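Novice: Below, each chain spelled out in residue letters.
Number of protein chains: 2
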Amino acid sequence: MKVGILGYGNLGKGVESAIRQNDDMELSCIITRRDPKSITPATEGVEVYSVEDIEKLQDKIDVLVLCGGSATDLPEQTPEYAKYFNVIDSFDTHARIPEHFANVDRVAKENGHVALISCGWDPGMFSLMRLYGASVLPEGQDYTFWGKGVSQGHSDAIRRVEGVKNGKQYTIPVEEALEAVRKGENPQLTTRQKHTRECFIVPEEGADLAKIEETIKTMPNYFADYDTTVHFISQEEFDANHAGIPHGGFVFRTGVTGLNKEHKHVIEYSLKLDSNPEFTSSVILSFARAINRLSEEGVSGCKTVFDIAPAYLSPMSGDELRAKML
Amino acid sequence: MKVGILGYGNLGKGVESAIRQNDDMELSCIITRRDPKSITPATEGVEVYSVEDIEKLQDKIDVLVLCGGSATDLPEQTPEYAKYFNVIDSFDTHARIPEHFANVDRVAKENGHVALISCGWDPGMFSLMRLYGASVLPEGQDYTFWGKGVSQGHSDAIRRVEGVKNGKQYTIPVEEALEAVRKGENPQLTTRQKHTRECFIVPEEGADLAKIEETIKTMPNYFADYDTTVHFISQEEFDANHAGIPHGGFVFRTGVTGLNKEHKHVIEYSLKLDSNPEFTSSVILSFARAINRLSEEGVSGCKTVFDIAPAYLSPMSGDELRAKML
Numbered sequence: 001m002k003v004g005i006l007g008y009g010n011l012g013k014g015v016e017s018a019i020r021q022n023d024d025m026e027l028s029c030i031i032t033r034r035d036p037k038s039i040t041p042a043t044e045g046v047e048v049y050s051v052e053d054i055e056k057l058q059d060k061i062d063v064l065v066l067c068g069g070s071a072t073d074l075p076e077q078t079p080e081y082a083k084y085f086n087v088i089d090s091f092d093t094h095a096r097i098p099e100h101f102a103n104v105d106r107v108a109k110e111n112g113h114v115a116l117i118s119c120g121w122d123p124g125m126f127s128l129m130r131l132y133g134a135s136v137l138p139e140g141q142d143y144t145f146w147g148k149g150v151s152q153g154h155s156d157a158i159r160r161v162e163g164v165k166n167g168k169q170y171t172i173p174v175e176e177a178l179e180a181v182r183k184g185e186n187p188q189l190t191t192r193q194k195h196t197r198e199c200f201i202v203p204e205e206g207a208d209l210a211k212i213e214e215t216i217k218t219m220p221n222y223f224a225d226y227d228t229t230v231h232f233i234s235q236e237e238f239d240a241n242h243a244g245i246p247h248g249g250f251v252f253r254t255g256v257t258g259l260n261k262e263h264k265h266v267i268e269y270s271l272k273l274d275s276n277p278e279f280t281s282s283v284i285l286s287f288a289r290a291i292n293r294l295s296e297e298g299v300s301g302c303k304t305v306f307d308i309a310p311a312y313l314s315p316m317s318g319d320e321l322r323a324k325m326l
Numbered sequence: 001m002k003v004g005i006l007g008y009g010n011l012g013k014g015v016e017s018a019i020r021q022n023d024d025m026e027l028s029c030i031i032t033r034r035d036p037k038s039i040t041p042a043t044e045g046v047e048v049y050s051v052e053d054i055e056k057l058q059d060k061i062d063v064l065v066l067c068g069g070s071a072t073d074l075p076e077q078t079p080e081y082a083k084y085f086n087v088i089d090s091f092d093t094h095a096r097i098p099e100h101f102a103n104v105d106r107v108a109k110e111n112g113h114v115a116l117i118s119c120g121w122d123p124g125m126f127s128l129m130r131l132y133g134a135s136v137l138p139e140g141q142d143y144t145f146w147g148k149g150v151s152q153g154h155s156d157a158i159r160r161v162e163g164v165k166n167g168k169q170y171t172i173p174v175e176e177a178l179e180a181v182r183k184g185e186n187p188q189l190t191t192r193q194k195h196t197r198e199c200f201i202v203p204e205e206g207a208d209l210a211k212i213e214e215t216i217k218t219m220p221n222y223f224a225d226y227d228t229t230v231h232f233i234s235q236e237e238f239d240a241n242h243a244g245i246p247h248g249g250f251v252f253r254t255g256v257t258g259l260n261k262e263h264k265h266v267i268e269y270s271l272k273l274d275s276n277p278e279f280t281s282s283v284i285l286s287f288a289r290a291i292n293r294l295s296e297e298g299v300s301g302c303k304t305v306f307d308i309a310p311a312y313l314s315p316m317s318g319d320e321l322r323a324k325m326l
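Residue numbers (this note's numbering), protein chains in the order written: chain A, 1 to 326; chain B, 1 to 326.
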């Protein structure tokens, strides 16, 4: 299975390294909006093309992985490139998924391709857990917690504050809230009760630290509704301890069964990820395998993780899966 | 969707109560090998039939849930009743799944029905977690732990020991083993290092307690390879504290990503269940919904949880799922 990568940022690099862990896949090419000469792939010998030549690459690619951002790239790219390829993206603006789905579905069907949108871990694996949980325990409640991990959006926000040279923000689930859910107490939790936010800031020389802290803690939407801690550190400490992009989180489904609803059940799914983009890439590749198979079966249109029978994700045959995994 | 139940034990009763939690389902009838008059369903007005009349019930049932045991009932029943109905079972003898699958698949295809075998939580939800985990982290390791919960087979074994009036056995995962896995240490664990076993025994009057304890702890296959604790208690204490059938467990997938495999990831799925048969029943019903849909689409043959796209489990439409769950 020949995989193409569009966009060679953190996610594209994650896909590149994950392909090496899947024996049935090969990296066909990298496609970029930048000057192809400016890109040096980690994989020796792999070709880099300009996005302007993308239409010519149809024979080289079974599935194209779109590694752009959800704000402006993917709403354009996914429908556009579903004309030429089976495509998969990690579109994560939850509120706009129905619209994105409709746009991609139309083009994919018209052109006989399979597309899969919103793949990764949330949306993605966490969505699957919400769906399985709600289906098997119809009388119950969902909880999703994120972290401990780096929020890219919040890190960007603190770096825009005056006097901030560098910064990183960690989202942290509140331990007491996790415990209450785990015990099946079905707590009603406010935003503040679910997560705290911790910021590590490298200030510019002579910056007003008190003002930076105040600006961050009162920032609407991003921080005002949370208990936020701000730490000022040196660039050296930043480089030593905050270079990674870890993330993770928890999905719970709690519910009751029995004639008198007398029995409680708690389902908990959690991820602890050293590298958010690499794990996302790994999930994407398993679903890329699935849509390649669906395409070979003659299926077309837009799919999500909900539409994929799990057996399609694995390189093993049905016989092997039943013998080893069931 | 009209659901029939064959076998009115713990599992059948669990299915009966779970149907009430699913608005799109109704309990059509209960079928039994006993005298139908000996059964009093919890649901008023529901009809009870003898298994001898089962062929006449085809119009009354969309999916028949087989609630027999894996040792002798299901290997006969599932292929037999796949002649007349869409059927679902909880066959859990892992080693015999390929053979059972082949038997059921042949009959289901010949008769245009959909069957789903080995549904519940292990096999079932845990199998799904092993498959998703291995697919998204191909370089890694699986761990499955069971408990804390009641093992029916081990409880049966201790009740057969001379001098034992009543008994229950709990399987308990070893906390240190869980912690080592959770930290991504990839431990190699022996049987003894993974689980302990705890027995609560009501002895017969005048029984030789030391001999009972010795017999249990040295019982081959069941206890000899484990650290086992035996407690002697009164029937009153047994009734007060050990009447339930709780269970649960953990599935982990740990793995690495990155060009130099420098990033670790830990996926953990756990269940804490007050009632093993009721949770199993709830899982079965969501998959019963799925096979009813597949049947309406004209599909036939034997399936497992691996073959079911998650969207089929939910009463929600694709649009709703994408808007609310993704």
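No wet-lab data here; the hints were simulated from the structure. Please note: incorrect hints may appear among the correct ones.
Stated by the list, open to error - Sample of chain A residues at the chain B side, in silico, Cβ under 7 Å:
1) Q21
2) G69
3) P123
4) S135
5) I267
6) E278
7) F279
8) A309
What the hints assert, rightly or not - Just the calculated beta-carbon pair ranges, DEER-fashion:
9) B:E297 to A:A102: 21 to 29 Å
10) B:K83 to A:A71: 34 to 42 Å
11) B:P315 to A:N260: 34 to 42 Å
12) B:N186 to A:K2: 47 to 55 Å
13) A:A323 to B:E214: 36 to 44 Å
A quick note: this is a predicted structure, and the numbers were derived from the prediction, not measured. Don't be surprised by glycine CBs; every beta carbon is placed ideally from N, CA and C.
Novice: Would you mind marking each hint as holding or not holding in the structure?
Specialist: Verification of the supplied hints:
1. Q21: holds, 5 Å
2. G69: violated, 18 Å
3. P123: Status holds, d = 5 Å.
4. S135: holds, 4 Å
5. I267: With a closest approach of 6 Å, the A:I267 hint holds.
6. E278: Result: holds, 4 Å to nearest chain B Cβ.
7. F279: A:F279 check passes; min Cβ-Cβ to chain B is 5 Å, inside 7 Å.
8. A309: holds, 5 Å
9. B:E297 to A:A102: 21 to 29 Å: Given about 23 Å between the Cβ atoms, the range holds.
10. B:K83 to A:A71: 34 to 42 Å: Cβ of B:K83 to Cβ of A:A71: about 56 Å, so the range 34 to 42 Å is violated.
11. B:P315 to A:N260: 34 to 42 Å: violated, 23 Å
12. B:N186 to A:K2: 47 to 55 Å: 32 Å Cβ-Cβ, so the 47 to 55 Å window is violated.
13. A:A323 to B:E214: 36 to 44 Å: At 38 Å between Cβs, range holds.
In the structure shown, a violation is registered for the earlier hints numbered 2, 10, 11, 12, in ascending order.
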